[in-house]
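Undergrad: Spelled out, the chains give:
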Amino acid sequence: MIDQDFTDSILVKFSSVTKRHHDDCLTLDCDSISVKDVLLHLRDEETFDLLVDLTAIDHGEHADNRFSVVIHLYSRIHHDYLRVHSICENNEQPAFPSVSDLYPAANWHEREAFDMFGIRFNDHPNLKRILMWDDYPYYPLRKDFPLAGIETPLPADDVAEVTQASVDPAPMMGGPFVSGTGDNMSEAEPRAKDESWTEDTEKPVL
Amino acid sequence: MSSETIEVNVGDAVSRGADATAKADSGKMALNVGPSHPTTHGVLRLMMDLDGDVITRCEPVLGYLHRGDEKIAENMTYNQFVPYTDRLDYLSPLANNVAYAIAVEKLTGLELPERCEAIRVLVCELARVSSHLLGMGVFGMDAGAWTPFMYTFTEREKLYTLFEELTGARFTTSYTRIGGVARDIPDGWLDRVSHFCDNLPKAIDEVEKLLTRNRIFIDRTEGIGEVSQEDAIAYGFTGPNLRASGVDLDLRKDKPYSGYEKYDFDVPIGTRGDCYDRYLIRIEEVRQSLRIIKQVISDFPSGLWYAEDAKKIFAPPKEKILTSMEELIQNFMIVTEGPQIPAGEVYFEAENPKGALGFYIVSKGGGVPYRLKIRAPSFCNLSILEKMVPGHMLSDITVILGSLDFVMGECDR
Numbered sequence: 001m002i003d004q005d006f007t008d009s010i011l012v013k014f015s016s017v018t019k020r021h022h023d024d025c026l027t028l029d030c031d032s033i034s035v036k037d038v039l040l041h042l043r044d045e046e047t048f049d050l051l052v053d054l055t056a057i058d059h060g061e062h063a064d065n066r067f068s069v070v071i072h073l074y075s076r077i078h079h080d081y082l083r084v085h086s087i088c089e090n091n092e093q094p095a096f097p098s099v100s101d102l103y104p105a106a107n108w109h110e111r112e113a114f115d116m117f118g119i120r121f122n123d124h125p126n127l128k129r130i131l132m133w134d135d136y137p138y139y140p141l142r143k144d145f146p147l148a149g150i151e152t153p154l155p156a157d158d159v160a161e162v163t164q165a166s167v168d169p170a171p172m173m174g175g176p177f178v179s180g181t182g183d184n185m186s187e188a189e190p191r192a193k194d195e196s197w198t199e200d201t202e203k204p205v206l
Numbered sequence: 207m208s209s210e211t212i213e214v215n216v217g218d219a220v221s222r223g224a225d226a227t228a229k230a231d232s233g234k235m236a237l238n239v240g241p242s243h244p245t246t247h248g249v250l251r252l253m254m255d256l257d258g259d260v261i262t263r264c265e266p267v268l269g270y271l272h273r274g275d276e277k278i279a280e281n282m283t284y285n286q287f288v289p290y291t292d293r294l295d296y297l298s299p300l301a302n303n304v305a306y307a308i309a310v311e312k313l314t315g316l317e318l319p320e321r322c323e324a325i326r327v328l329v330c331e332l333a334r335v336s337s338h339l340l341g342m343g344v345f346g347m348d349a350g351a352w353t354p355f356m357y358t359f360t361e362r363e364k365l366y367t368l369f370e371e372l373t374g375a376r377f378t379t380s381y382t383r384i385g386g387v388a389r390d391i392p393d394g395w396l397d398r399v400s401h402f403c404d405n406l407p408k409a410i411d412e413v414e415k416l417l418t419r420n421r422i423f424i425d426r427t428e429g430i431g432e433v434s435q436e437d438a439i440a441y442g443f444t445g446p447n448l449r450a451s452g453v454d455l456d457l458r459k460d461k462p463y464s465g466y467e468k469y470d471f472d473v474p475i476g477t478r479g480d481c482y483d484r485y486l487i488r489i490e491e492v493r494q495s496l497r498i499i500k501q502v503i504s505d506f507p508s509g510l511w512y513a514e515d516a517k518k519i520f521a522p523p524k525e526k527i528l529t530s531m532e533e534l535i536q537n538f539m540i541v542t543e544g545p546q547i548p549a550g551e552v553y554f555e556a557e558n559p560k561g562a563l564g565f566y567i568v569s570k571g572g573g574v575p576y577r578l579k580i581r582a583p584s585f586c587n588l589s590i591l592e593k594m595v596p597g598h599m600l601s602d603i604t605v606i607l608g609s610l611d612f613v614m615g616e617c618d619r
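Chains as they are written, first to last, in my numbering: chain H, 1 to 206; chain C, 207 to 619.
The hints are simulated quantities; they were obtained by calculation from the structure and are not laboratory data.
Computed from a predicted structure; not experimentally measured.
Beta carbons are placed, not taken as given, at the ideal position from N, Cα and C, and that holds for glycine.
Hints should not be assumed to be uniformly reliable.
Covered stretches of chain C (in silico footprint by chain H; criterion: 3 or more residues with CB under 8 Å from a CB of chain H, positions within the stretch not fixed) [what the hints assert, rightly or not]:
{"id": "1", "region": "254-264"}
{"id": "2", "region": "353-367"}
{"id": "3", "region": "439-446"}
{"id": "4", "region": "540-552"}
{"id": "5", "region": "560-568"}
Using the sequences and the hints given, assemble the complete structure.
TA: Pasting the structure below:
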């Protein structure tokens with residue numbers, strides 16, 4: 001387990017790093033300028049050589065600092081995780097230094113964060129979308145992106161031209177997430193196939 | 207009704223042709239494998255350049271099974287997300303259920319009774335056996351050996367019958383609840399598990415007779431797809447793949463959860479990190495899992511299969527809901543607003559058959575997670591392909607992919 005001495009040594013060595021309240025594993029706050037120095041130190045001097053996860057959080061459109069990057073490291077010597085929180089400076093065009101040269105495992109995680117949140121990782125060797133297709137125009141995991149999705153042109157232009165098809169939002173009405181805003185409850189709630197009657201219309205007598 | 211047929215030319219043939227000509231001029235051939243191809247075990251697509259029979263470039267393309275699980279999780283309550291975890295690594299749904307439940311429990315600080323932990327260890331190990339049985343069988347098939355698959359699939363079928371009896375479903379089990387499991391084990395079920403475990407080694411021996419010393423199999427797998435210890439760590443390998451490269455990391459030993467520290471088992475470690483090692487590790491892990499299962503069954507604790515406090519999270523007892531006002535209100539609140547989980551953040555990884563499955567949950571209080579990130583082992587295990595594959599022959603691709611034992615449902619989420 002990580003002891004107090006370890007935490008203190010990191011805090012003394014890096015003035016930009018602060019400790020934050022945590023429930024499970026040591027959590028550090030760090031600015032994006034010094035994050036690579038901190039990670040390099042953690043990797044080479046403190047045996048945190050496994051980057052298990054890198055992801056981002058969108059704190060909402062109106063937050064002062066909208067995006068932050070969260071990195072989880074694991075040490076086989078300490079048998080414990082360590083979490084690094086770091087804020088992306090620019091809310092409109094968030095950017096963050098790529099750590100994929102320190103941890104090659106971060107390569108795909110950063111591509112995913114770029115794909116889902118639109119965070120540009122500077123000096124990333126191959127920063128392009130990984131789960132969505134290349135010219136997809138939105139960032140789906142941002143809080144202002146609707147669950148149902150947004151109508152988008154098909155990835156293949158030539159197919160779209162002939163078929164006039166597009167990628168449509170999911171039909172949410174009566175789905176597992178949302179009850180619609182119909183006038184009658186029975187129209188809003190998902191129900192069995194018998195739709196011949198509602199509160200307003202009598203059930204037909206057979 | 208009249209219908210009109212439209213002829214669609216998928217993809218731009220002219221530019222594809224131009225690409226192919228350019229490649230041919232440089233003496234290389236572009237080859238696209240997948241996304242729908244038996245080798246890729248799902249919908250992985252590989253874009254490769256070939257020089258003769260040797261691969262010079264390999265670029266994996268993902269996302270064909272992307273369903274947006276993380277977005278969905280942000281829009282539903284903690285309880286509602288359990289069935290979605292079945293569909294991550296759909297070859298070991300029980301282990302995913304347990305990993306997710308433990309992650310949320312860490313956030314709420316629930317203590318589980320012994321019986322619940324024992325049931326969870328039992329189902330996790332059974333899930334591991336079933337996943338490895340399929341992994342080994344299919345790996346043999348990828349290398350051209352059909353028969354072992356028949357043995358492993360037969361055994362897996364018996365396991366699925368046991369799962370069905372326990373959970374009511376063969377594949378999509380949704381067995382855990384936050385703070386417990388859905389129901390207690392049925393009468394006599396442990397005996398049937400014991401019986402299965404007594405007979406499984408015979409089938410494993412048969413598979414070993416067919417594969418382990420098989421000259422053709424060894425020729426095709428030994429020294430192929432070697433991953434050094436340094437690379438395995440740098441590229442975030444976990445699970446059997448990491449251990450095959452000689453790294454001694456098993457979260458069941460390193461950071462025990464759900465009472466794994468009580469059981470005695472060994473962690474097999476490879477030496478070379480090639481495809482053959484990855485196969486041997488899985489064989490041994492099945493035998494070790496059986497050891498754990500026997501220990502769990504021999505000392506099966508009595509008591510409740512859910513935490514007393516967890517009734518506030520998944521559901522009060524049914525008979526109370528129908529007769530008592532307070533429980534009725536509680537049930538109504540759980541269904542409409544979700545369980546009240548305290549604010550905080552938690553990261554939990556479980557040692558799943560494919561590697562370490564992690565859940566990172568950020569809660570701002572209330573019934574819905576603010577952010578839920580799934581750290582999928584298959585996703586991380588595949589990122590090394592770009593580096594590992596070039597230099598191999600085209601025919602090695604099937605063996606390499608088979609030995610990595612990935613599931614695209616988990617990779618794309």
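Undergrad: For each hint, tell me whether it holds in the structure or not.
TA: Against the structure, the hints come out as follows:
1. 254-264: violated (count 0)
2. 353-367: violated (count 0)
3. 439-446: holds (count 5)
4. 540-552: This one holds; 3 residues, not fewer than the three required, reach chain H with a Cβ under 8 Å.
5. 560-568: holds (count 4)
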